[in-house]
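Undergrad: Next come the chains, spelled out residue by residue.
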Amino acid sequence: MSDDVERGTSTATGAWSPKIVAFVCNWCTYTGADLAGTSRLKMDPNVRVIRLTCSSRVNPLFIIKAFERGADGVVVSGCHTGDCHYSTGNFYARRRFAILHDLLGFMGVEPNRVTFSWVSASEGNKWQELVNETTERIKALGPFREFQDMTQKGEACQ
Amino acid sequence: MKELQDLARKLLSEGTVKVVIGYEEGPRGARAAFITDPEKADKLIFDTRCVQNLASYLNPRRKQIALLGKPAIVVKGCDARSVAGLLRENQITRDSVVIIAMQCSGVLENPGIESDVELTSENVSVRCGGCDVCEPKLFDHYIKSAHPTVPPVNPKRAEQLAALEKMTPAERWDFWSKELSRCIRCHACREACPMCFCVQCTADKGTPLWIDSSSTPRANRAWQTMRVLHQAGRCVDCMECERACPEHIPLGLLTRYVANSVEKRFDYKAVDDPSVVAPMSVYRPDDDEEFIR
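Listed in order, the protein sequences are those of chains H and Z. Counting in numbering that gives the first Met the number 0, the first sequence runs from 0 upward without gaps. Counting in numbering that gives the first Met the number 0, the second sequence runs from 0 upward without gaps.
The hints are all genuine.
Facing chain H, from chain Z, some residues (calculated, C-beta under 8 angstroms):
hint	residue
1	ALA169
2	PRO216
3	THR224
Here are some chain Z residues the structure puts well away from chain H; computed CB gaps all over 12 angstroms:
hint	residue
4	LYS1
5	PRO26
6	PRO37
7	VAL96
8	THR119
Computed list of lysine to aspartate or glutamate pairs in EDC-like fashion (alpha-carbon distance at most 16 angstroms, straight line):
hint	chain 1	residue 1	chain 2	residue 2
9	Z	LYS69	Z	GLU13
10	Z	LYS165	H	GLU109
11	Z	LYS263	Z	ASP285
12	Z	LYS263	H	ASP101
13	H	LYS64	Z	ASP211
14	Z	LYS177	H	GLU145
15	Z	LYS177	H	ASP148
16	Z	LYS165	H	ASP101
Hint data in this document are derived by calculation from the structure and do not stem from the laboratory. Predicted model, so just to flag it, every value in this text is computed and none were measured. All C-beta atoms in this analysis are idealised placements derived from N, C-alpha and C, irrespective of residue type, glycine included.
My request is simple: use the sequences and hints to build the entire structure.
TA: Right, dumping it as structure tokens:
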């Protein structure tokens, strides 16, 4: 399993640059990100977008898997509460994210590695800011060595 | 004790239940007993060594127990919350079980063979501190204690939790890496848990392979993260997972932390009232979202 782990992106200069995975909802954030793109807003190229039907589709294991596969940061984003396409999906998701946020912190994951945000379809600018700000933040934190080393080793305990 | 034995004998001989799940004297102290013969009801005991949460045996995954027929179960107030949890999440129905609740004055952290050990703040179970369910409310039969007392408080785990919360994330990472490196992925924590009731566990699925089935640092971490998250709003802090762990990983710290987090955020504490809804299956529009940008 260790071969499929990719380290952070190498830029043309060969310097490390973070790899960030974004789980976004189809109805708001994906459309918002699309708006940011069609508006030609300048954004860091570090965020890979994965489109899901709703933020409540985000299983905590998605986030763990992203880190296992070499992500340095994760963004989870959906509609603002009250605006969910499915009426209440993000309300339930918010409860799960709250516990996930606390537990990851308790287990030693730097809380700033996982970013939760609500971005609506019309908030192209907010998406741009989120991407740039998250990239800066993850750059400051550096590569998620702990998780990646753990994954690279991959050997059985004991 | 006599009252419990008489009740069990009556229930069995009347045919109200087919099996009484309780505690009996074993070679290494109190252990779970499955009494099907009214003649053997005298085997039942209840004292400070009865630390196990027998509600695990009501878990619908335990088909071999269900085959015995309708059960009566001996519970402490804290275990009654697990039964309430199973009722709340429609895993069992109220008329499918007879609940015999015992008034409890606390149990030992590490019970042995001796039966009349006095509880002190050193040897009492860490989960007994601040117990507010010594007198259960969910029961069919209630057996009062001859000498009800409030259990003393063992501060050990609260101190451990406070120490962990003071650490930096990197220190906590190292702490859990070290603890979880001992995990042999036997899944005893899952098997012992009354609230781990999925028909098929994600950890057992191969396609897609979410969690490696072998014991590797990353799989151990993913496994415990998932297991503990699934217990959010379900865990009653019975610590069966920690007691079942052959490697003595302090799993009770993780479940307690999540239970605290649920209580703080959603104002929910495990209760023995099945009509209270599970916190993760409801929401409030004004739930705290300070962590969302």
